[in-house]
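Colleague: All chains should be modelled from the sequences, with the hints used to inform the complete structure.
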Amino acid sequence: MGRQPCCDKVGLKRGPWTIEEDHKLMNFILNNGIQCWRAVPKLAGLLRCGKSCRLRWINYLRPDLKRGGFTEVEEDQIIQLHSCFGNRWSKIASHFPGRTDNEIKNHWNTKIKKRLKLLGLDPFTLMPIEQKEKSGADKVKTDMQPKSTSNGSDQGVENNKSLDMHATVEEPKTEEKMEESRVKWDDTTGFFNNYEVLCSQLDLGSWMSQETKASTSSYCSSSFSLDDSSNFSVDESSYLQENSLQQWVEGLDSILSWDNFSPLQKDFPFLENRQ
DNA sequence: AACCGTGTCAACCGCCTTGGG
DNA sequence: TCCCAAGGCGGTTGACACGGT
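For the first sequence, position 25 (counting from the first letter as 1) is numbered 25 according to full-length UniProt numbering, and the numbering increases by one without interruption.
Think of the hints as simulated: they come from the structure by calculation, not from any bench.
A portion of the hints provided could be inaccurate.
As the list claims (entries may be wrong) - Below, in silico cross-link-like pairs of lysine to any residue (SDA-like), each with a Cα-Cα straight-line distance of 20 Å or less: (1) Lys-91 x Lys-105; (2) Lys-91 x Lys-113; (3) Lys-117 x Gly-45; (4) Lys-24 x Asp-64; (5) Lys-24 x Tyr-60; (6) Lys-117 x Asn-87; (7) Lys-13 x Arg-38; (8) Lys-113 x Glu-72; (9) Lys-66 x His-107; (10) Lys-91 x Leu-55; (11) Lys-91 x Lys-117; (12) Lys-117 x Asn-106; (13) Lys-105 x Arg-115; (14) Lys-113 x Val-73; (15) Lys-66 x Asp-22; (16) Lys-13 x Gly-68; (17) Lys-114 x Trp-89; (18) Lys-24 x Leu-55; (19) Lys-105 x Trp-89; (20) Lys-113 x Asn-87; (21) Lys-51 x Arg-62; (22) Lys-111 x Phe-124; (23) Lys-111 x Phe-96; (24) Lys-105 x Asn-87; (25) Lys-114 x Asn-87; (26) Lys-91 x Tyr-60; (27) Lys-13 x Gly-50; (28) Lys-111 x Asp-101; (29) Lys-13 x Tyr-60; (30) Lys-66 x Pro-97; (31) Lys-51 x Trp-17; (32) Lys-42 x Ile-29; (33) Lys-113 x Asp-101; (34) Lys-66 x Gln-77; (35) Lys-24 x Glu-74; (36) Lys-66 x Gly-98; (37) Lys-105 x Gly-68; (38) Lys-114 x Gly-86.
Remember, it's a predicted structure, so these values are computed and weren't measured experimentally.
Modeller: Here you go:
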C-alpha cells in the first residue's frame, strides 16, 4: 500500500493553470483571504487540490513577487547563502523578498551550478575541483551533501569569518543566528574566495551581466515589491493600497491576458482603463 | 522543413514539520 | 503524550522553447 494522497484527487485537474483558473484563484484570495488551503479550491470553484492552489499562488500569483532574471548581485548572494545553508531553498529565498524558493532552486540548478563547474569549482563546496580530486575519497563524500545537513563540529563560527567580507549578505537576525550556529561546517566552507578570485580573473561579472541584462530589462522595470513583502498575508489584503495593487497588475500585464480579467473591474476600478 | 539535443521552469510528488485536539 | 490533518519543503519530472544540423 502506498502513501495516501494528500487529498482526494479523483476528478481533479492537473498540469498548467489556465488564465481562467488563475483568475478564479486570485479573485477568491483577494476577496476572502486564505483560511485553509484545502478549502480554497472548493470555495473558489476550482478542480485543483489545495496544495496546487497554494503553489500557484506562492510561485506565480502572489502580489509581491519580483519577476525577471536574477541580477549579478543576487547570484552572488545565492552562492554565498548556498555555501551556508546548502539546498535549503526556502531559507535562501527568505533573504530575497519577492523571490520564491522554487525560482532560486531552478536558477541554481540550471545556471549557477553550471557556471561554477565551468569555473572549475565544486558547486557545493566552492572548492576547486582539481584540488578536491587530489584530496582523496573522503572529501568526495562531503561534496555529495550540503554542509548544512552534515553532522560536523562547530568549526562553522570560525569559517564563517570568510563570509563576513561580503557585506551584501545581511547579518542573520536572532533566530537565524541561532539557526546558523547549528549549521555545521567543514573545512571547505571558506573556499568561497576561490569563486571571487576566478570571477575577477575571468571577468565573469561582465559575462553574467551581459547574459542577464536581456532577460531582466524587460521585466525589472515593471517589477516591484511591497515593503514587508516577506510577511505579506492575504488575510490583510484589505490593507493593500490601490496603487500597490495597480503596480502588481502592471507587473502581471506582460504575462496574463487582461481580457480575461474584466470581471475584476467591479472590485478594482482602476482595471477599467486597461486593454 | 524536419528532426534532435539542450535549457528552462512550472508543477507535481512524497516526506517532514507543525499545531490543534 | 499521541494522533492526525494541513502546511511546508526539496527533489524531480515533463512540457515547451529554442538553436543547431
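Colleague: All hints are to be evaluated individually against the structure, with a verdict given for each.
Modeller: Here is what the structure says about each hint:
no.	hint	result
1	Lys-91 x Lys-105	holds, 11 Å
2	Lys-91 x Lys-113	holds, 18 Å
3	Lys-117 x Gly-45	violated, 47 Å
4	Lys-24 x Asp-64	holds, 19 Å
5	Lys-24 x Tyr-60	holds, 14 Å
6	Lys-117 x Asn-87	holds, 17 Å
7	Lys-13 x Arg-38	holds, 15 Å
8	Lys-113 x Glu-72	holds, 14 Å
9	Lys-66 x His-107	holds, 14 Å
10	Lys-91 x Leu-55	holds, 17 Å
11	Lys-91 x Lys-117	violated, 24 Å
12	Lys-117 x Asn-106	holds, 16 Å
13	Lys-105 x Arg-115	holds, 15 Å
14	Lys-113 x Val-73	holds, 16 Å
15	Lys-66 x Asp-22	holds, 18 Å
16	Lys-13 x Gly-68	violated, 28 Å
17	Lys-114 x Trp-89	holds, 18 Å
18	Lys-24 x Leu-55	holds, 15 Å
19	Lys-105 x Trp-89	holds, 6 Å
20	Lys-113 x Asn-87	holds, 12 Å
21	Lys-51 x Arg-62	holds, 15 Å
22	Lys-111 x Phe-124	holds, 14 Å
23	Lys-111 x Phe-96	holds, 18 Å
24	Lys-105 x Asn-87	holds, 8 Å
25	Lys-114 x Asn-87	holds, 16 Å
26	Lys-91 x Tyr-60	holds, 19 Å
27	Lys-13 x Gly-50	holds, 12 Å
28	Lys-111 x Asp-101	holds, 15 Å
29	Lys-13 x Tyr-60	holds, 18 Å
30	Lys-66 x Pro-97	holds, 8 Å
31	Lys-51 x Trp-17	holds, 13 Å
32	Lys-42 x Ile-29	holds, 12 Å
33	Lys-113 x Asp-101	holds, 16 Å
34	Lys-66 x Gln-77	holds, 16 Å
35	Lys-24 x Glu-74	violated, 33 Å
36	Lys-66 x Gly-98	holds, 5 Å
37	Lys-105 x Gly-68	holds, 15 Å
38	Lys-114 x Gly-86	holds, 16 Å
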